[in-house]
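Engineer: Produce the entire structure from the sequences given, and follow the hints as far as they go.
Residue numbers (the working numbering), protein chains in the order written: chain L, 234 to 423; chain V, 234 to 423; chain Z, 234 to 423; chain F, 234 to 423.
There could be a bad hint or two in this list.
Identical chains blur together in the list; that is why a pair holds if it fits in one copy or across any two.
What the hints assert, rightly or not - Pairs of lysine-lysine residues, derived as DSS-like cross-links and limited to a Cα-Cα distance of at most 25 Å, are as follows:
1) K264 to K241
2) K320 to K306
3) K237 to K297
4) K326 to K259
5) K406 to K264
No wet-lab data here; the hints were simulated from the structure.
Protein chains: 4
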Amino acid sequence: MSDKAARKRQYIIDTAKTVFADKGFKSVTMKDIVEACDISRGGLYIYFDSTESIFNEIISEAAKQSIESVTGKTAGDKLAFFLNEQKKEILSKDKSLATALYEYLFYMQSIGNSDNAAADAFHMGLDTIEAIIREGVESGEFYADDVHTIALNIMYLMEGLKIAARTTGVSEKDIDSQLIFILGSLIAEE
Amino acid sequence: MSDKAARKRQYIIDTAKTVFADKGFKSVTMKDIVEACDISRGGLYIYFDSTESIFNEIISEAAKQSIESVTGKTAGDKLAFFLNEQKKEILSKDKSLATALYEYLFYMQSIGNSDNAAADAFHMGLDTIEAIIREGVESGEFYADDVHTIALNIMYLMEGLKIAARTTGVSEKDIDSQLIFILGSLIAEE
Amino acid sequence: MSDKAARKRQYIIDTAKTVFADKGFKSVTMKDIVEACDISRGGLYIYFDSTESIFNEIISEAAKQSIESVTGKTAGDKLAFFLNEQKKEILSKDKSLATALYEYLFYMQSIGNSDNAAADAFHMGLDTIEAIIREGVESGEFYADDVHTIALNIMYLMEGLKIAARTTGVSEKDIDSQLIFILGSLIAEE
Amino acid sequence: MSDKAARKRQYIIDTAKTVFADKGFKSVTMKDIVEACDISRGGLYIYFDSTESIFNEIISEAAKQSIESVTGKTAGDKLAFFLNEQKKEILSKDKSLATALYEYLFYMQSIGNSDNAAADAFHMGLDTIEAIIREGVESGEFYADDVHTIALNIMYLMEGLKIAARTTGVSEKDIDSQLIFILGSLIAEE
DNA sequence: AATGAATGAGCCTTCATTCAT
DNA sequence: TATGAATGAAGGCTCATTCAT
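Structural biologist: Written as structure tokens, this is what we have:
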């Protein structure tokens, strides 16, 4: 029975994910989720007691999955892979939870709740990229004075691109030139 | 009487601004604004018919004001000035409308309403910085291969820092090292 | 307009009074009152935000009215008048708010809210009767060792009769013999 | 197995008693009891189908137990014993079911359901005290014109004190002076 | 017997919006 | 123009009650 419950819980999470991807965070109501899941109001409350708690679950799940392997032989390959993943995410406007995630973070901030699932995710990304660059520097592939600052620079840039993609718009060409610019600045300075 | 009306309209806008700065965008209700302005419910509707329309007015007004003069003798001075303004904005978490603005943009996107006020503001900033860099390159102060890409890079980075400041957090030290990194990359490569 | 509002407020209080008299306290919902008053849900909330606040208003109003003059020439007349008023209240099972009042008091107690509109009313009654007896003793009409204790005795007895009338039942004959017993004990002991 | 069932039923009653003592009658839900008993929702329904039916069981059980022996050699001793028991009950605000009982009775009255369990209990008490007084009168210990009226007087007074203890408050001193007053009036009048 | 997930009714509360004055 | 009372829709939450297992 607990197995069945777990499956239902997962079903709710998966269904809710599409709702959040569709409508962002703040606009989603428990009723929306009830309707999307085609269950009763009370039924939803057995599993979750707010849209926040559902969304929380969604992002921690997403966080787990995103620790997935950055593959590549050389540091350059790994960085290229990482940046390409980022590019995909930047461009995946509709299907993604990014907008909802930002709304959620802003909302959390506005109510003074500095919850950290998202901060954690940011720092995990930062660590990953820092490790890649450091590896590249050690192998002589990259040149970098201050690895931490460069890693941060890349992360902020990605963040800026994601935001821009969702607000003012970015062209794929713009993204590409930014990515090339990063790679170039790591390699060029010999 | 149109004069009196204009003054009242302006009063509403100014008062509402503090509300949005306080609570973000989505959480603000017409009731909040009515109360902050200490006017009647019906009275507000004479001037605005939704929080969106009020916020719209606020940002177009803000856009006008932000074309502020970038002062400085040399391009380096101007860039330093510009970046310092950005830094102030990044750090001005509470008093600023930035959070509300992002919420608004995300909301607009989520209901498929791609507003351009924000895009305009972004491009104005981009133009400004591009002009500065170009000036610096021409005067020999800066070195840059692709001015447009570098200008975009700076803008996205600023955007990323603003977001991070409002979600995962940034230290002033981190901001400073990013700004120095930018300046360094423009000057260093002779 | 404030006049109209005051009239509406009063209308709600008066209508709600019949609802409470009918159904007691705990069973009454905001919806019940909305329906009895034939106004909108939101409309009721303009004036009151809970059944408690409405009931509170009802009892403070009732308290004011009950300070009404105890009439009579001699202390004996006054006491007889007072007791007769009490008798009426004891017997007025249906139309009265007494049941709702007790429910309210128990509820208040159970949530630890020792609000005192009711305690005040009790003490006002106590003071009244104490004054009457004291007057009678001084004029030689009554005989009493300890006026305070006798006054309390009468008040508790009245309370007991009211409760009994609403739970186990009392006959008018029983009430009368109790009232005569009180009067007798004040006069008899010369 | 009927034995096991009986034990479980008793367990529910005993546990529910503490819940009612805590929260009164009207505020207790089936869910509260389910949680207090740590059984399943469905499980509770096998034995009882409403809070009313549980509470009913509790009070009939209590009624059986309250026919406790009034001990004492002389009528004076017995009366003193009886009154002392009453005093304890008056003061036992928290641990007792009295509040819940009153709420229950008022609720029953408000829905027009005149239960007799309470009336029975009242009359049993009345009979007890009447017998004691009569015994005292016959033995010459007490003086009383109208035994029934005095017995009723005492019962109503006790009721009034119980209510007051649970609503407006009574001091132990007040109770004592009332009890002394009663005893005094039975003895004093020779 | 027992479990506890599921349902749906019922009440609460807040606002956007209208409208008579 | 301005007011603010009034409405009703919308969403939140909690339970009593049922039922498949």
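Engineer: None of the hints should be skipped; say for each whether it holds.
Structural biologist: Each hint tested on the structure:
In this homomeric assembly, K264 and K241 come within 25 Å of each other (Cα to Cα) both inside a single copy, at 17 Å, and across copies, at 23 Å. In the homo-oligomer, the alpha carbons of K320 and K306 lie at most 25 Å apart inside one protomer (20 Å), although the nearest pairing across protomers, at 38 Å, exceeds that limit. Taking the shortest alpha-carbon separations for K237 and K297, only the intra-copy value of 23 Å comes in at or below 25 Å, while the best inter-copy value is 47 Å. Within a single copy, K326 and K259 get their C-alpha atoms as close as 17 Å, and across copies as close as 20 Å, so both meet the 25 Å cut-off.
Proximity of K406 and K264 under a CA criterion of 25 Å is satisfied in neither setting, with 40 Å inside one chain copy and 44 Å between copies.
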